[in-house]
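Here full-length UniProt numbering is used: the first residue of the sequence shown is 1, the next is one more, and so on.
FYI, nobody ran anything at the bench for these hints, they're computed from the structure.
One thing to keep in mind: the hints can contain errors.
[Claimed, not checked] Straight-line Cα separation of at most 20 Å, DMTMM-like style, residue types lysine to aspartate or glutamate; simulated pairs:
1) K49 to D36
2) K49 to E90
3) K8 to E58
4) K79 to E11
5) K49 to E11
6) K8 to D65
7) K79 to E10
8) K79 to E17
9) K8 to D56
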Amino acid sequence: MILEQEIKLEELISSSELPVLAVFSAPGCGPSRLLDAVLADAISHLPQKPQIVRIDSEQNSALSDRYQVHALPTLLIFKNGQLIGRIEEERIEDLLPAAHLLQRLQAIL
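Please put together the full structure from these sequences, using the hints given.
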């Protein structure tokens, strides 16, 4: 799911019964593309799958500013309408392999 407007993300965060994983990335960002496969693998091992939302930070700069997204990709985890976790690394290698990302997601969820 790709959201183009901030209001849609806020509605999803406040109405979702599942945790919401917002993935801030950019189309031309190599680390963002690398994360896609790793994220899919990590999510497949979670007992409760979060709702995943991909946000193009270039198209949604106001949303990126609001959540202080500086490095790409950045993962924000929301539950019950609240931001409960953030995974942001300067180096994509710090999120690899999928088992490492899975561990970090499990610690938050």
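Item to complete: Would you pick out the hints that fail for this structure and give their numbers low to high?
Response: As far as the earlier hints go, only 2 is violated by this structure.
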